[in-house]
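Visitor: Sequence:
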Amino acid sequence: MDEEQDQWIRVPVGDDAARWATRVRCRRVLFVVHNVTSATRLLDVLPLFDDDLGVQLLATCTGSSAFRSGVADLLADTGLPVLPWEQALATPVDLAISASFGGELAAIQGPLIILSHGIGYTKRLAAPSTEHRAPSTEHRAPSTDADADADATVLPRSAPPPVFGLAPDWLLADGVPLADALVLSHPEQFDRLAAACPEALPTAVLAGDPCFDRMLAARPYRDRFRRALGVGRGQRLVLLNSTWSPQSLLGDGEGEGAGGTGGDDALPALLPRLASELPADEYRVAAVLHPNIWHGHGPGQIRAWLDRARRAGLALIDPLEDWRQALLAADVVIGDHGSVTYYAAALGTPVLLGAAPLDSLDPDAPVADFIRTAPGLDARAPLRGQVDTLIESHVPQPGPMRFTSSVPGEAAVRLRRAFYGLMGAPEPPGPALLLPLPLPDPEPALRTAPLYVLTRVLAGPEVVVTRYADPAREPAGAGDAHLAVHEDTRDPGQLGLADIVFRCGAPDDPRFGPPGRWAAEVLDRHPHCALAAYVTGPSSCVVRTRDGVLLRLTSGAEADADPAVYASAVHAWLAAGRTLSALIEDGLTVRTGRTGHHVVIAAETDGPTTGGTRQRPSPTPADRSTAHASGADTPRAGRRSPRTAS
Numbered sequence: 001m002d003e004e005q006d007q008w009i010r011v012p013v014g015d016d017a018a019r020w021a022t023r024v025r026c027r028r029v030l031f032v033v034h035n036v037t038s039a040t041r042l043l044d045v046l047p048l049f050d051d052d053l054g055v056q057l058l059a060t061c062t063g064s065s066a067f068r069s070g071v072a073d074l075l076a077d078t079g080l081p082v083l084p085w086e087q088a089l090a091t092p093v094d095l096a097i098s099a100s101f102g103g104e105l106a107a108i109q110g111p112l113i114i115l116s117h118g119i120g121y122t123k124r125l126a127a128p129s130t131e132h133r134a135p136s137t138e139h140r141a142p143s144t145d146a147d148a149d150a151d152a153t154v155l156p157r158s159a160p161p162p163v164f165g166l167a168p169d170w171l172l173a174d175g176v177p178l179a180d181a182l183v184l185s186h187p188e189q190f191d192r193l194a195a196a197c198p199e200a201l202p203t204a205v206l207a208g209d210p211c212f213d214r215m216l217a218a219r220p221y222r223d224r225f226r227r228a229l230g231v232g233r234g235q236r237l238v239l240l241n242s243t244w245s246p247q248s249l250l251g252d253g254e255g256e257g258a259g260g261t262g263g264d265d266a267l268p269a270l271l272p273r274l275a276s277e278l279p280a281d282e283y284r285v286a287a288v289l290h291p292n293i294w295h296g297h298g299p300g301q302i303r304a305w306l307d308r309a310r311r312a313g314l315a316l317i318d319p320l321e322d323w324r325q326a327l328l329a330a331d332v333v334i335g336d337h338g339s340v341t342y343y344a345a346a347l348g349t350p351v352l353l354g355a356a357p358l359d360s361l362d363p364d365a366p367v368a369d370f371i372r373t374a375p376g377l378d379a380r381a382p383l384r385g386q387v388d389t390l391i392e393s394h395v396p397q398p399g400p401m402r403f404t405s406s407v408p409g410e411a412a413v414r415l416r417r418a419f420y421g422l423m424g425a426p427e428p429p430g431p432a433l434l435l436p437l438p439l440p441d442p443e444p445a446l447r448t449a450p451l452y453v454l455t456r457v458l459a460g461p462e463v464v465v466t467r468y469a470d471p472a473r474e475p476a477g478a479g480d481a482h483l484a485v486h487e488d489t490r491d492p493g494q495l496g497l498a499d500i501v502f503r504c505g506a507p508d509d510p511r512f513g514p515p516g517r518w519a520a521e522v523l524d525r526h527p528h529c530a531l532a533a534y535v536t537g538p539s540s541c542v543v544r545t546r547d548g549v550l551l552r553l554t555s556g557a558e559a560d561a562d563p564a565v566y567a568s569a570v571h572a573w574l575a576a577g578r579t580l581s582a583l584i585e586d587g588l589t590v591r592t593g594r595t596g597h598h599v600v601i602a603a604e605t606d607g608p609t610t611g612g613t614r615q616r617p618s619p620t621p622a623d624r625s626t627a628h629a630s631g632a633d634t635p636r637a638g639r640r641s642p643r644t645a646s
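Using our numbering, you'd call the opening residue of the sequence shown number 1 and step up by one each time.
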């Protein structure tokens with residue numbers, strides 16, 4: 001015990017804390033963290049104690065979750081004093097706040113309030129065994145992992161597991177309520193609580209949903225969130241969402257779900273289809289994965305599993321900070337039975353269920369009704385058609401918005417009132433306010449996978465460009481095709497097959513030299529490349545053609561496409577036999593889907609750096625065929641023979 005106490009903190013609590021602390025008469029509020037998932041809800045309510053010099057905030061981790069990774073870093077980031085769990089149990093507090101039932105909560109010395117860390121209490125989960133009871137208490141509180149049922153009580157086959165957070169297995173300790181207050185977000189939860197565990201009904205407090213309130217307050221900033229996530233004009237953001245468990249969208253288990261899906265390992269087949277069927281410049285794809293996935297399998301493993309999709313442009317959204325902003329920015333969510341999918345429906349966003357097992361849900365919970373009625377993803381039908389049809393015909397269901405919170409916008413006021421009421425203390429004089437959702441760091445869509453490009457040169461001058469990132473099969477569509485490859489491609493053999501080689505970077509990056517020099521070196525290195533493009537910023541790039549012409553492409557104020565698209569349009573224009581002088585005189589309108597981007601084109605000079613590039617003849621189609629036949633495998637997207645630049 002003495003060895004354990006050596007790890008206990010001495011300030012602002014401890015046997016001799018009064019000797020060292022500056023403010024010694026503060027009420028103590030203890031945030032009890034089970035894992036990163038539950039901590040996210042505690043972080044929502046942390047600001048409700050701002051500006052109160054009479055409160056000392058503390059944090060602890062129960063150590064009861066199977067998902068322990070990430071907790072220490074999260075607690076360190078809060079900047080609060082962190083008590084070892086044993087010290088937390090030995091320290092009297094004026095209030096303890098938890099967003100889970102894991103750990104020996106009944107042994108806490110002070111009033112306890114429990115919040116939901118999702119959309120209320122909806123899932124069935126067997127209560128942990130009481131064999132892991134801490135020796136310092138005789139309370140029959142759930143003591144171990146509230147995330148998984150590895151240590152769960154064995155139930156008869158005919159008896160379904162209890163509803164997590166609403167059943168006596170979770171709510172009672174020695175026959176009395178575990179918590180002094182249980183926060184609910186809607187009266188329908190009172191009804192289910194009364195039916196499942198009437199003993200706990202007197203502790204119920206209707207206080208709304210602070211997470212949902214933060215999203216509602218941030219809705220006016222949707223366009224800013226979209227720009228931060230790299231969603232341009234005319235683009236649709238397709239957001240993949242997976243909760244944890246083998247039955248989730250990312251899971252590889254078995255189960256029954258809407259549309260014939262339900263944890264049947266759907267994602268490995270879905271990801272290549274997203275790249276093959278959704279044009280890269282008309283759709284942005286992102287993924288929000290449950291924190292238990294990130295911290296259970298490891299962020300490095302998640303990135304490795306999704307490497308090909310990430311190289312094709314998939315954005316992995318931070319599961320702690322930015323998932324709500326991504327949800328607000330989305331045009332459609334492909335999800336499962338988790339809380340985030342239901343939040344999307346509550347915000348009025350169209351939802352396609354890629355996995356939706358009903359057997360893990362309380363059949364009386366509103367989310368179960370939503371899962372039964374929401375459209376399911378048809379694995380056999382064209383994906384783009386399903387996405388577009390749903391977006392264009394979507395009529396939001398009233399149920400999710402109604403049942404997520406019966407008091408939208410009031411969570412801060414109600415929760416602070418409950419917190420201070422349990423402490424027996426007056427509330428601070430200022431208004432109770434939650435923090436606004438922060439603007440995510442910019443995340444442009446960087447694609448290093450080979451791009452299969454279809455182009456059509458129209459009158460105007462105007463060029464239609466449709467790009468597919470590393471498609472599994474040759475996409476359908478009219479037009480001439482060429483291959484554009486980022487210089488940092490993982491497969492360098494693709495560079496020898498590329499019609500366009502491009503990269504992104506600052507124009508004064510000394511590692512590459514001036515853009516014109518870099519382009520000349522690329523053309524020297526790859527004799528079958530027709531054009532090299534250096535993207536110098538979000539609206540400009542410098543390109544060099546095979547005959548040595550150097551051009552700067554700059555988009556207008558309203559254009560926001562990837563400048564590499566403009567390079568493909570110039571390549572198509574010249575390959576069609578159109579003149580360079582017309583480009584420079586009139587500029588070019590580049591069309592991606594229904595969106596037009598006007599591009600100003602100017603000739604540039606770079607002196608002697610052109611070297612021998614001007615003297616190299618343009619490769620003929622026969623040259624190109626020979627190169628493809630020798631030295632490297634033909635790329636999947638290179639079956640249609642594109643024209644070469646003249």
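These are calculated hints, taken from the structure and not from any lab test.
One or more hints might be untrue.
What the hints assert, rightly or not - Simulated restraints, written as ranges between beta carbons of each label pair:
1. R222 to Q7: 28 to 38 Å
2. P507 to R402: 47 to 57 Å
3. A506 to Q397: 41 to 51 Å
4. M401 to A379: 24 to 34 Å
5. R303 to E585: 40 to 50 Å
6. P538 to L53: 30 to 40 Å
7. L201 to R23: 48 to 58 Å
None of these values were measured; they are calculated from a predicted model.
Glycine residues also receive a C-beta, built at the ideal position from the N, C-alpha and C atoms.
Visitor: Please go over all the hints and tell whether each is borne out by the structure.
Guide: Verification of the hints:
At about 46 Å, the beta-carbon gap between R222 and Q7 misses the expected band of 28 to 38 Å. For the pair P507 and R402, the beta carbons lie near 53 Å from each other, so the given range of 47 to 57 Å is met. Our hint of 41 to 51 Å for A506 and Q397 holds, since their Cβ atoms are close to 47 Å apart. A C-beta distance of roughly 29 Å is found between M401 and A379, which places it inside the suggested range of 24 to 34 Å.
The beta-carbon spacing between R303 and E585, approximately 47 Å, falls within the hinted interval of 40 to 50 Å. One distance hint, 30 to 40 Å for the beta-carbon pair P538 and L53, is violated here, with the actual separation near 46 Å. The hint said 48 to 58 Å for the Cβ distance between L201 and R23, and at roughly 38 Å that hint is violated.
In the structure shown, a violation is registered for the earlier hints numbered 1, 6 and 7, in ascending order.
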